[in-house]
Amino acid sequence: MTDLTRMTATQIAGLVAAGETSAVEVTQAHLDRIAAVDDRVNAFLHVDTEGALAAAQQVDARRAAGEALGPLAGVPIAVKDVLTTKGVPTTVGSKILEGWRPPYDSTIVQRLRAAGTVMLGKTNMDEFAMGSSTEYSAYGPTRNPWDTDRIPGGSGGGSAAALAAYEAPLAIGSDTGGSIRQPGAVTGTVGAKPTYGGTSRYGLVAFSSSLDTPGPCARTVLDAALLHEAIGGHDPRDSTSIPAPVPDVVAAAKLGATGDLTGVRLGVVTEFAGEGAEPGVLAAFNEAVDTLTKLGAEIVEVSCPHFKYALPAYYLIAPSECSSNLARFDGVRFGLRVGDDGNRSLEEVMSLTREAGFGAEVKRRIMIGTYALSSGYYDAYYGQAQKVRTLITRDFTAAFERVDALISPTTPFVAFPLGARTSDPYQMYLADLFTIPTNLYGGPGISVPCGLSDGLPVGLQVMAPTMADDRMYRVAAALESAVGTFTPPAL
Amino acid sequence: MAAISREEVAHLARLSRLAVTEEELDTFAGQLDVILQAVAQVGEVTAADIPPTSHSVPLTNVLRDDVVTPCLTPEEALSGAPDAEEQRFRVPRILDEDVAS
Chain A
1 MTDLTRMTAT QIAGLVAAGE TSAVEVTQAH LDRIAAVDDR VNAFLHVDTE
51 GALAAAQQVD ARRAAGEALG PLAGVPIAVK DVLTTKGVPT TVGSKILEGW
101 RPPYDSTIVQ RLRAAGTVML GKTNMDEFAM GSSTEYSAYG PTRNPWDTDR
151 IPGGSGGGSA AALAAYEAPL AIGSDTGGSI RQPGAVTGTV GAKPTYGGTS
201 RYGLVAFSSS LDTPGPCART VLDAALLHEA IGGHDPRDST SIPAPVPDVV
251 AAAKLGATGD LTGVRLGVVT EFAGEGAEPG VLAAFNEAVD TLTKLGAEIV
301 EVSCPHFKYA LPAYYLIAPS ECSSNLARFD GVRFGLRVGD DGNRSLEEVM
351 SLTREAGFGA EVKRRIMIGT YALSSGYYDA YYGQAQKVRT LITRDFTAAF
401 ERVDALISPT TPFVAFPLGA RTSDPYQMYL ADLFTIPTNL YGGPGISVPC
451 GLSDGLPVGL QVMAPTMADD RMYRVAAALE SAVGTFTPPA L
Chain B
1 MAAISREEVA HLARLSRLAV TEEELDTFAG QLDVILQAVA QVGEVTAADI
51 PPTSHSVPLT NVLRDDVVTP CLTPEEALSG APDAEEQRFR VPRILDEDVA
101 S
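If you're matching them up, the sequences are chains A and B in order. Mapping the first sequence onto full-length UniProt numbering, position 61 (from 1) lands on 61, and the numbers just tick up by one. Mapping the second sequence onto full-length UniProt numbering, position 5 (from 1) lands on 5, and the numbers just tick up by one.
What the hints contain is simulated information worked out from the structure, not anything from laboratory work. Note that the coordinates shown come from a computational prediction; the quantities given were computed from them, not determined experimentally. Think of the CB as a built atom: it goes at the ideal place given N, C-alpha and C, for glycine as much as any other residue. It is possible that part of the hints are untrue.
Claimed, not checked - Label pairs and their in silico Cβ distance ranges:
| hint | chain 1 | residue 1 | chain 2 | residue 2 | range |
| --- | --- | --- | --- | --- | --- |
| 1 | A | R113 | B | D49 | 46 to 52 angstroms |
| 2 | B | R93 | A | D3 | 58 to 64 angstroms |
| 3 | B | P51 | A | E20 | 55 to 61 angstroms |
Only chain A is shown next, with the shape it has when bound in the complex:
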């Protein structure tokens, strides 16, 4: 029989629905694959073997009972460790939550269960989703299946690497500044950040609440769209959830797969097409632009003059929100408590707990945020960054009056060697140069593989207007139909 781990989610669901394989068989194949390769990849922080097999048995029982199952029933999935899973460890890549078993499921995970997907386990990530390489995980870095001496991107490097290593056909990520798209780009997989508010944040451990967006990761655009459809939509338990139907992303992916982009106007962001990206990335991107033209798209150049201030604005806004959000890790209600010897005060214990539980990058961001929100600095830093956010949003709005979607390379550089950027935190921040504007604006963005540079994957990013997520799927699927998918060397 064909290797089940090499199949797309769509193919697996089809086989399960037709009774040609069972959810249990598919799940076991992926658990075996994880057992065989994850010591070299470290994509998973926790593999829930028992839970996965039990969930798979349930799907098979429901099918045997004649129940109509959704389009992803029986498909295994890896979930970033930022989402709460009832009774299953959730660490957010941090020592401060080591051993925590949440008493409730996040909305995304509830919807995944309802859709009949089978959760294999929880994936590695930069601590609290702060990072671009997964090297800031408290549990060791994840390695890129394309070259295990290189980073898999971050913060969702575990989810992306699990896909590229054929440990899972689907995964969930979360994108605050690029944490779904950037790992997708450097691992040759597809990663989509939905419109902010299009997917629920209930049970997503908060980093930067005005930016955090959970979303789908997959090896094909159609699989990502199916997953997006399964998890998206209004959630009354998230007060920033948009009360509107999910755009028809699946239909858009199917339309795009016909390879016809006639009548579609795409804007190349001037500010992202020149300096900033390394030559190999630019070459692959320019070739993809030619391909999109051949598919019928009209390409125009669009200037977004404030995008160059997106990175500094983001690194004020996100740390500010994080410094407030992470105050909940106080050694009282969950997680680690250090130094409680009966003599020390609550405040002393809190400071010792946070010192021991947080890694260096999390501490840096908490302190930057505390600084930016301090009286005397607030207007010049946080307040000014919020104004820049308005100007970036206006750049997007003006651009979308001229074009249907914007395109750029997803990342300035291909996967870099482990350790290359950890000593200089700001060099790490540059990995998100092209993905951050979308988060500040709140619109959707997707990364789709567009080529290789020195044997390493390059991603093309499509950015669409708020609640027009379908547009980016159409463009991404069209490009995929022309360039194909990319397979890493055998592990």
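Following the hints, complete the assembly by docking chain B onto the known chain A.
Leaving out everything else, chain B in the frame of chain A:
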């Protein structure tokens, strides 16, 4: 000129409830200085009359119907606590000893 001094970093750490070590202070002072000088670029933008954006979703006062729905039991809510007693989170002392006695 440095944007931030070692003493200021120590102050931020205290405000942030982080019992950082002397060695960390040395490292963080340099790193935060680089980061703050870079993010200060936002000051180049003329934006005096621009309204700030705190959030991309224009929703306000999202309310739910006032109906009782299932929620966590006290046992579930306390299940992750480092210390609990009589259905409550147990914390180290919050008052000075002489005040408490």
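So, going through the hints one by one against the coordinates:
no.: 1; hint: A:R113 / B:D49: 46 to 52 angstroms; verdict: 49 angstroms, holds
no.: 2; hint: B:R93 / A:D3: 58 to 64 angstroms; verdict: 60 angstroms, holds
no.: 3; hint: B:P51 / A:E20: 55 to 61 angstroms; verdict: 58 angstroms, holds
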